[in-house]
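Assemble the whole structure, with the sequences as input and the hints as a guide.
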Amino acid sequence: MLQHKDSHRSACKSFEEDLVLYYYGDCREPESHRVEEHLKGCASCRHFLEELQTFLPLTAKPKELPQAFWNSYYEELREKLAAIDARESWWKRSFAFFHPWAVPALGTALVLILALSLTLAKGMWHFKGHRAQEEVPSELRAAAGNIDFFESMDLLDSIDFLEALEDKSSANSEFQKL
Amino acid sequence: MCQRGERQAFEVLVRRYMKRAYQIAFDFTRDGEEAKDLSQEAFLRAYSQIRHFDQRSTFYTWFYRIVVNLCIDHLRRRARIPWERLDGKNQQSAGEEAMGDTSSTPDQEAIAGEVKRRLGTALGTLPGKQRTAFLLRNHHGLSITEIAKVMQTTEGTVRVHLHRAVAALRQSLAELV
Numbered sequence: 001m002l003q004h005k006d007s008h009r010s011a012c013k014s015f016e017e018d019l020v021l022y023y024y025g026d027c028r029e030p031e032s033h034r035v036e037e038h039l040k041g042c043a044s045c046r047h048f049l050e051e052l053q054t055f056l057p058l059t060a061k062p063k064e065l066p067q068a069f070w071n072s073y074y075e076e077l078r079e080k081l082a083a084i085d086a087r088e089s090w091w092k093r094s095f096a097f098f099h100p101w102a103v104p105a106l107g108t109a110l111v112l113i114l115a116l117s118l119t120l121a122k123g124m125w126h127f128k129g130h131r132a133q134e135e136v137p138s139e140l141r142a143a144a145g146n147i148d149f150f151e152s153m154d155l156l157d158s159i160d161f162l163e164a165l166e167d168k169s170s171a172n173s174e175f176q177k178l
Numbered sequence: 179m180c181q182r183g184e185r186q187a188f189e190v191l192v193r194r195y196m197k198r199a200y201q202i203a204f205d206f207t208r209d210g211e212e213a214k215d216l217s218q219e220a221f222l223r224a225y226s227q228i229r230h231f232d233q234r235s236t237f238y239t240w241f242y243r244i245v246v247n248l249c250i251d252h253l254r255r256r257a258r259i260p261w262e263r264l265d266g267k268n269q270q271s272a273g274e275e276a277m278g279d280t281s282s283t284p285d286q287e288a289i290a291g292e293v294k295r296r297l298g299t300a301l302g303t304l305p306g307k308q309r310t311a312f313l314l315r316n317h318h319g320l321s322i323t324e325i326a327k328v329m330q331t332t333e334g335t336v337r338v339h340l341h342r343a344v345a346a347l348r349q350s351l352a353e354l355v
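Those sequence lines, one after another, are chains A and B. Numbering-wise (the numbering used here), the first sequence opens with residue 1 and increments by one. Numbering-wise (the numbering used here), the second sequence opens with residue 179 and increments by one.
What the hints contain is simulated information worked out from the structure, not anything from laboratory work. Keep in mind that the hints are not guaranteed to be accurate.
Computed list of lysine-lysine pairs in DSS-like fashion (alpha-carbon distance at most 27 Å, straight line) [claimed, not checked]: (1) 307/B with 327/B; (2) 197/B with 327/B; (3) 80/A with 197/B; (4) 13/A with 307/B; (5) 40/A with 13/A; (6) 307/B with 197/B.
With the Cβ distance kept under 8 Å, some of the chain B side facing chain A (calculated, not the full set) [unchecked claim]: (7) 190; (8) 193; (9) 195; (10) 214; (11) 218; (12) 226; (13) 229; (14) 322; (15) 341.
Just so you know, these numbers come straight off a predicted model, no measurement behind them. Here a beta-carbon is modelled for each residue, glycine too, at the ideal position from N, C-alpha and C.
Here it is as structure tokens:
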């Protein structure tokens with residue numbers, strides 16, 4: 001066993017790494033053949049390999065656990081996986097629309113809606129203004145530029161009215177004289 | 179595939195790899211509860227990231243990488259040397275207790291126990307990469323090529339890590355009388 005100090009001898013330095021690989025069966029040809037040939041004539045390397053064969057398996061004994069442990073382990077993990085699915089499906093439902101292609105599509109749609117709204121709104125304002133103009137009779141609109149004329153006409157009407165009043169009063173006074 | 183179908187398919191993988199995942203985590207942490215939590219966390223991560231799994235590599239090398247990384251991160255966070263608890267009275271696992279050969283004498287059993295204790299302590303003090311290479315090769319039987327994929331390094335580097343790990347473990351037994 002390993003407790004004997006004299007058995008704990010070093011292997012030849014140039015073979016040590018290959019001996020480890022040889023132990024694990026990972027030493028390829030031609031190294032494998034070279035190691036085997038060397039082992040025939042080297043007691044130190046044989047001891048080294050025997051040590052590996054003795055102590056390395058001691059580190060690898062798997063821990064045996066009862067089947068009940070594995071059943072519980074599996075069921076617990078299944079529940080955790082189901083919880084992940086539940087969380088993900090909620091998330092997916094909420095953000096289902098936000099696929100990579102949806103972002104530019106949504107942006108384009110918004111721009112289109114905005115452009116259409118502005119265009120239509122502008123058209124409606126324009127239409128309203130047009131109708132307001134059309135509700136005024138054309139004669140009035142034509143005469144709107146000749147407001148001075150109408151003002152002078154009013155003045156003339158007023159003069160006529162005063163003259164008529166003056167004529168009326170003079171006739172009354174002549175009648176009283178008679 | 180629908181979500182339920184995905185989960186069912188993944189549960190098949192869980193059944194196939196749960197013992198190995200637990201064992202890797204246990205080899206790193208030497209603690210049953212931590213091994214359970216870490217290995218389950220590895221499965222949950224793998225399930226969440228299964229869409230990122232590159233089909234060109236095998237599932238288990240990809241999955242082992244998740245397990246190993248989780249374990250290394252955990253040990254780093256824990257910031258103490260794993261297996262140090264083996265020095266305590268109640269730290270030897272039930273599995274290790276069951277390793278004793280019933281046909282051997284009490285002296286041989288005591289020596290074997292001491293060898294295992296020293297190996298456990300030495301394994302805990304190995305640098306992370308050496309320990310990973312050693313555990314995956316010695317405990318889990320992965321080939322050098324597979325370990326290189328798990329560790330995302332070259333096969334030559336894995337061979338060097340493995341050799342250094344074995345040399346350090348052997349050294350830990352040097353003074354055993």
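Can you name, in rising order, the numbers of the hints this structure does not satisfy? As far as the earlier hints go, 7, 9, 13 are violated by this structure, in ascending order.
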